[in-house]
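**Q** Sequence:
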Amino acid sequence: MQQKILSQVKIIAFLAFFVFCVAFGLRLYFLEFKQVAHMDEILSIVLSEYNEYGWGKNFEPHKIYTAKQLQHMTLWNDSSLSGALSDVKKLYVNNRDDPHTNLYYSLLRLWHIGFIHTDLKQTFYRGISLNFVFFTCSFVLAFMLYVRLFGFNYFLLYFLALAFLNPASINNTLFLRPYALQEMSFLLLCYVFVRILQSFKNTSFNIPFLDNKDFALKLKKYIKIWSICIIFAFGFCFALRFFTNEIRYAQVVAHNIEINTESNIETKEIHYKIEGKMLFSSSIFRDHSPYIVIEPMLDSMKFTSQVLSPPIHQDKNPRYLQFDSTKDIQKGEIIGNIAYTLHISYKLYVMLVLVYVIGCVLFVCVRLLSYEVLILAICTAFALLSGYFALIFVVMIYFLATLWAYRAKAYKDKLFFATTFIYSLLLSKLLYPNYFSGFVGGRGKEVGDKLSLEYVIENFYQICTQFFDIFTHYLSYSVVIFGLFGLCLACVYALKYRSAILVYFKSDDVGLNPQLIALLFGICALLWAFVVIFVAPYKDLRYIMSIFPLLFLLLNFALVSLYHLLSHSVPQYVRGGGGVIIALWFIGSIMPFDKQKIDTLQGYRFTLTKEYKDMVIPQIVLIENSTYYVSLIMPYLSKDLKVMFIESCEDLSSIMSVYDKIDFVVNEKFECALDSYDVKILYEKLGGLTSIVLTPKIR
1 MQQKILSQVK
11 IIAFLAFFVF
21 CVAFGLRLYF
31 LEFKQVAHMD
41 EILSIVLSEY
51 NEYGWGKNFE
61 PHKIYTAKQL
71 QHMTLWNDSS
81 LSGALSDVKK
91 LYVNNRDDPH
101 TNLYYSLLRL
111 WHIGFIHTDL
121 KQTFYRGISL
131 NFVFFTCSFV
141 LAFMLYVRLF
151 GFNYFLLYFL
161 ALAFLNPASI
171 NNTLFLRPYA
181 LQEMSFLLLC
191 YVFVRILQSF
201 KNTSFNIPFL
211 DNKDFALKLK
221 KYIKIWSICI
231 IFAFGFCFAL
241 RFFTNEIRYA
251 QVVAHNIEIN
261 TESNIETKEI
271 HYKIEGKMLF
281 SSSIFRDHSP
291 YIVIEPMLDS
301 MKFTSQVLSP
311 PIHQDKNPRY
321 LQFDSTKDIQ
331 KGEIIGNIAY
341 TLHISYKLYV
351 MLVLVYVIGC
361 VLFVCVRLLS
371 YEVLILAICT
381 AFALLSGYFA
391 LIFVVMIYFL
401 ATLWAYRAKA
411 YKDKLFFATT
421 FIYSLLLSKL
431 LYPNYFSGFV
441 GGRGKEVGDK
451 LSLEYVIENF
461 YQICTQFFDI
471 FTHYLSYSVV
481 IFGLFGLCLA
491 CVYALKYRSA
501 ILVYFKSDDV
511 GLNPQLIALL
521 FGICALLWAF
531 VVIFVAPYKD
541 LRYIMSIFPL
551 LFLLLNFALV
561 SLYHLLSHSV
571 PQYVRGGGGV
581 IIALWFIGSI
591 MPFDKQKIDT
601 LQGYRFTLTK
611 EYKDMVIPQI
621 VLIENSTYYV
631 SLIMPYLSKD
641 LKVMFIESCE
651 DLSSIMSVYD
661 KIDFVVNEKF
671 ECALDSYDVK
681 ILYEKLGGLT
691 SIVLTPKIR
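Counting in the numbering used here, the sequence shown runs from 1 upward without gaps.
Hints are all accurate, no fakes.
Calculated cross-link-like contacts (lysine to aspartate or glutamate; reagent style EDC-like; alpha-carbon spacing at most 16 Å): (1) Lys539 x Glu446; (2) Lys597 x Asp540; (3) Lys90 x Glu52.
By construction, these hints were calculated from the structure, which means they are not laboratory data. Only a predicted model underlies this, so the values are computations on that prediction, with no experimental measurement involved.
Produce the complete structure using the sequences and hints provided.
**A** This is the structure we're talking about:
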């Protein structure tokens with residue numbers, strides 16, 4: 001009997017490896033057809049390499065570049081180890097992309113050590129190969145998660161095939177964005193969660209590192225000392241108010257010098273914009289925005305040079321002052337002295353209260369720190385850093401786990417999940433200091449605007465339709481219907497056996513049923529996908545494709561439940577044969593036999609056509625911001641093509657006096673008069689950009 005089981009395990013393991021090879025091969029096959037990058041994929045490289053060109057910094061005007069030079073300047077940076085570590089350090093401070101954290105960009109930057117190539121195909125191979133690593137880890141984690149939940153059986157093959165052969169999962173691997181990382185982090189979190197839940201009631205579970213009576217007795221003492229420190233801090237701030245009205249003086253030095261673009265053309269007099277920075281003699285009575293803010297007395301400014309004179313303009317940051325000058329001065333040169341007073345903001349007191357509360361929580365949590373808390377907190381922080389929407393899924397499963405811990409009367413560990421969640425947030429903040437700023441950035445405000453009853457009422461039906469369309473397009477109607485059947489089956493079981501379920505939850509003697517955990521994971525994944533589509537800026541697959549492997553736990557639950565439901569009335573060979581037919585039917589219905597469902601391969605670009613690739617006329621670019629040009633046009637240009645950036649429409653006439661024919665790429669915000677030229681539009685409204693071939697009219 002044992003030999004038979006061992007033989008069955010080997011067969012299942014071999015077939016699981018076969019599924020992995022098919023999934024891996026499909027991804028390699030479709031990768032060969034990838035010729036076009038989504039603009040966000042190019043920006044992934046720009047951001048990870050911490051390049052300024054393509055992200056805020058414009059190219060030097062009236063300078064002739066080759067397309068290869070531009071591609072190198074925007075896509076790549078120092079390929080050495082020291083260069084990569086330097087960029088990772090910058091990404092740690094600020095990744096320049098509010099909707100995402102630094103985790104994926106840092107990993108992608110390290111992955112590109114020693115690699116510089118301007119060929120787009122080679123760039124795809126290198127960047128997406130990191131996603132293949134994530135995919136491999138995801139497959140292994142999904143394998144282990146299933147075994148933990150359902151045991152080692154043939155349904156494992158059905159789950160793995162559905163989870164990784166569907167178009168959404170393939171899209172995820174071939175998309176050069178953080179979503180493949182997020183898929184792996186979700187599976188890792190769920191696997192560790194299952195391990196934690198299955199050992200939750202063991203006597204050896206959650207033994208704190210500081211599990212001793214001395215520390216418990218000292219805890220109150222530590223909190224008292226901390227409280228006294230905060231009281232002293234409040235007292236110091238209150239006493240400081242009596243000294244804020246006193247007039248103090250700061251030295252002003254030249255911090256930045258720029259040429260004023262509105263200089264007088266008639267007199268040819270150049271004007272300079274001088275930014276002055278205030279230097280303080282005291283380390284206390286100075287600007288500590290936003291808590292202690294200075295109020296400069298502009299009328300008191302005493303200049304040490306006749307070069308500068310009023311008016312003085314104040315910047316958003318009160319420490320910086322703006323001056324106009326007709327004479328250039330050196331950076332760091334002393335401009336003069338200015339008087340100022342101080343103002344203590346209410347934010348200082350709010351900050352002290354928050355520091356006190358966080359400190360008390362940390363004192364309590366330190367005593368609750370254990371091996372299990374640490375492992376789960378690290379995995380949770382990893383999931384949180386994979387993307388801001390991950391917080392919704394994390395909160396859902398933590399809420400259910402905490403509720404179960406209380407209902408199961410696990411008093412010893414009732415704070416386990418709350419403690420772990422706090423530690424995971426602290427770890428996220430530690431690994432990316434700007435983590436919480438993402439919730440108040442541009443995308444965060446967009447999400448906040450959608451959390452209103454009015455928006456829900458107006459858009460609920462439309463969003464439900466879009467949500468259903470995504471699943472039916474990338475899966476199939478049969479798979480979606482069977483998944484809904486699994487939910488209905490779960491509801492029927494819950495109603496029929498509700499009394500036994502309540503007793504089960506309150507029992508101290510039994511652990512949590514693994515299949516129930518799988519069902520809850522699947523339901524949470526479905527709810528997460530709906531909420532994300534509801535609040536996402538675009539109702540697009542990419543925001544939810546990372547959750548697809550967990551969604552298939554619902555289908556697996558339905559098939560396993562149906563198999564056991566028929567066990568008393570249907571022979572085993574009929575159930576087995578029927579299960580195989582259903583599984584093959586579902587797998588066949590979702591497998592992408594053509595490229596139409598692989599979105600990362602779609603997206604027409606005129607720049608890929610032979611006409612555009614063979615173009616030898618110079619490209620003249622008039623844009624306000626280089627981001628769209630760098631991500632949508634520049635990667636596809638032939639390497640030797642000459643490119644020049646201009647500043648206004650007036651520059652066209654001088655350009656056309658040199659070249660008989662140009663490709664004029666212009667931003668929609670510029671309206672240039674082209675009446676004197678023969679016009680041929682190559683493409684338009686590509687990220688707000690239009691490409692026009694201009695030739696002078698024959699007179």
